[in-house]
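There are 2 protein chains.
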Amino acid sequence: MSSTTGTRGESVTPANPASDTVADHTTDVTALLERGRALSTPVLRAAVDRLAPPMDTVAAYHFGWIDAQGRPSDGDGGKAVRPALALLSAEAAGAAAEAGVPGAVAVELVHNFSLLHDDLMDGDEQRRHRDTVWKVHGPAQAILVGDALFALANEVLLELGTPEAGRAARRLTSATRKLIDGQAQDISYEHRERVTVEECLEMEGNKTGALLACACSIGAVLGGADDRTADVLEAYGHHLGLAFQAVDDLLGIWGDPESTGKQTWSDLRQRKKSLPVVAALAAGGPASERLGELLSADAKSSDFDSFSEEEFAARAALIEEAGGREWTAQEARRQHAVAIEVLHGVDMPETVRAQLTALADFVVVRKR
Amino acid sequence: MSSTTGTRGESVTPANPASDTVADHTTDVTALLERGRALSTPVLRAAVDRLAPPMDTVAAYHFGWIDAQGRPSDGDGGKAVRPALALLSAEAAGAAAEAGVPGAVAVELVHNFSLLHDDLMDGDEQRRHRDTVWKVHGPAQAILVGDALFALANEVLLELGTPEAGRAARRLTSATRKLIDGQAQDISYEHRERVTVEECLEMEGNKTGALLACACSIGAVLGGADDRTADVLEAYGHHLGLAFQAVDDLLGIWGDPESTGKQTWSDLRQRKKSLPVVAALAAGGPASERLGELLSADAKSSDFDSFSEEEFAARAALIEEAGGREWTAQEARRQHAVAIEVLHGVDMPETVRAQLTALADFVVVRKR
Chain A
1 MSSTTGTRGE SVTPANPASD TVADHTTDVT ALLERGRALS TPVLRAAVDR
51 LAPPMDTVAA YHFGWIDAQG RPSDGDGGKA VRPALALLSA EAAGAAAEAG
101 VPGAVAVELV HNFSLLHDDL MDGDEQRRHR DTVWKVHGPA QAILVGDALF
151 ALANEVLLEL GTPEAGRAAR RLTSATRKLI DGQAQDISYE HRERVTVEEC
201 LEMEGNKTGA LLACACSIGA VLGGADDRTA DVLEAYGHHL GLAFQAVDDL
251 LGIWGDPEST GKQTWSDLRQ RKKSLPVVAA LAAGGPASER LGELLSADAK
301 SSDFDSFSEE EFAARAALIE EAGGREWTAQ EARRQHAVAI EVLHGVDMPE
351 TVRAQLTALA DFVVVRKR
Chain B
1 MSSTTGTRGE SVTPANPASD TVADHTTDVT ALLERGRALS TPVLRAAVDR
51 LAPPMDTVAA YHFGWIDAQG RPSDGDGGKA VRPALALLSA EAAGAAAEAG
101 VPGAVAVELV HNFSLLHDDL MDGDEQRRHR DTVWKVHGPA QAILVGDALF
151 ALANEVLLEL GTPEAGRAAR RLTSATRKLI DGQAQDISYE HRERVTVEEC
201 LEMEGNKTGA LLACACSIGA VLGGADDRTA DVLEAYGHHL GLAFQAVDDL
251 LGIWGDPEST GKQTWSDLRQ RKKSLPVVAA LAAGGPASER LGELLSADAK
301 SSDFDSFSEE EFAARAALIE EAGGREWTAQ EARRQHAVAI EVLHGVDMPE
351 TVRAQLTALA DFVVVRKR
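Sequence lines, in order, name chains A and B.
The first sequence begins at 1 in full-length UniProt numbering and counts up by one.
The second sequence begins at 1 in full-length UniProt numbering and counts up by one.
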């Protein structure tokens, strides 16, 4: 599936196919993302600084804080949706946003551990417009620093030494297990010709939904919320994660390269069995059948790497004609609606509810 | 450094150069190792069974429970020193041995996570007389299943939901961070011509000492021990780990291939900068200098892979002549003595103290 990319301070306009039913909250969301970054990044950097050399340097490169030559860099650290959610999660439980910071940092560490390992497993050479860690520092450092970030995530929580931290660590561990399950499914699907829509949704729920769900509850847990409140926030995050991934899958095919920083038809070039593809293949009818024949032939083709723009455009058109694009856009809207509906299951300050709603809207209208 | 290998039910006779000063506790130790295995293996297998396919199968192969074709196998699961220590650790705190079982399982999961990743990073093709996971199932599965075992280790502890489990998880996380630091040092030393004895000891303390130290305290923490008791047991385990590794380093050069299951001069063939080598190089004198010249030339030699038995034997003889073998044997005895001395810092049932002493003796007299 497409990975999380983005830059700081982006403005948001709802020009995405999934965005018909949601309002525009540009200012709110930019401020929320900025707050998440401002509160969590110093703690994240301090945690990463604890790593022994050369792991601290390799990690700093991965986070975009230095370049491949070790010079300070103002790199692209991603959209920072998860830290923003973790802080709101603390506020949803009536605690200060700051109570969620260790959770925000732990979730970011796990997210980046998984990026380091997934990029190596998948052979991906680019991430956030830069060479990936295994390309620059070698496979061993990608494995080792990934491991170190994972360990650091647990350390950041458990060193708090509170019962709440233990509960937070337990939830993070469950989410990490699902994240790993999702990656295992993603790898196994690559070797299969057909993947069902249900399998794809299950994989995306594990690979993207679980950690976003954890981000949405971990701040509340650290802020003293009971399990029911945390479970509701987790459910919100799970559906938000599915909406997020559906939009990612749309952007992976039809995203504007200038916005996404990826090639045109990016997921098609990588033969990804993303939601629009599996939905189109499952739809039946002439376009679906023609698409199936083409993709089967592509899987065996030795010319695939030299395909022209037109050949990818033809596949994208068939996916759209078979209904895969519209189905995925609907899926994003459906999951977005469920996420917001679920939030009503728990009492929280109305300002926080509005902010969680605004973030959910942002996730489905974003263009990168 | 040499890795942990061994088989079940081994009998122990003190014919090792490090064994002059310790008594023989054959029967005791065999029973202790067997108890550790009997109590922890079913829980370990149940934990591994929770992994989603194909990770459960890959992990079962790694643990030796099935062969590469998936057929049940009565493989070599290692000496199981860590589980035995974790159970004794619980008893040292006045709890039942069973209280230590989740700790034993968590430590084994972390140990095996590190083996999966280290074998891939180091390019090691054999482990416990079998092809390593990355050789059989590919690098991606080695990374993924290693990650899954690490997550499972935290899960096994944190799902207990007690304050003691949170403290145990925190100690395990610290140990895992050190383990990763040690692997980072080991990798960086491979690229250097000279490593000091102090650097080698620090690396071995991280790579072997930290997790053995955790095994020796985690049962006590789960059994309700205070931090001081846990710290003393951890210190015992740290020194025991250094003794263990010193013996491993001796066996890696002078071990009997029939006992160790490795080639003759195993660590010399892999150009490992183990304790006997760095101690010999640091010693000075004609043999030390001649050894330094040979190893420098070996590092650049294109014929190294076709070296004869005699060429390795000549290097081993120089290490011995320069005093590297005797220094390492002394180091094993010294760390063994400190481990046992440290134990007097805490009250515990005398039977448990005797068993911890017997296990320490076993570690330095073992031949595999």
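Mixed in with the good hints, there may be bad ones.
Identical copies go unnamed one by one, so any copy, or any two together, can satisfy a pair.
Subject to a maximum C-alpha distance of 30 Å in a straight line, what follows is the list of computed BS3-like cross-link-like pairs (lysine-lysine) [unchecked claim]:
hint, residue 1, residue 2
1, Lys367, Lys300
2, Lys135, Lys300
3, Lys135, Lys272
4, Lys300, Lys272
5, Lys272, Lys367
6, Lys367, Lys135
Read the hints as simulated data drawn from the structure, not as lab findings.
Note that this is a predicted model, so its numbers are computed, not measured.
*Hints violated by the structure (numbers, ascending)*: Of the numbered hints, just 1 does not hold.
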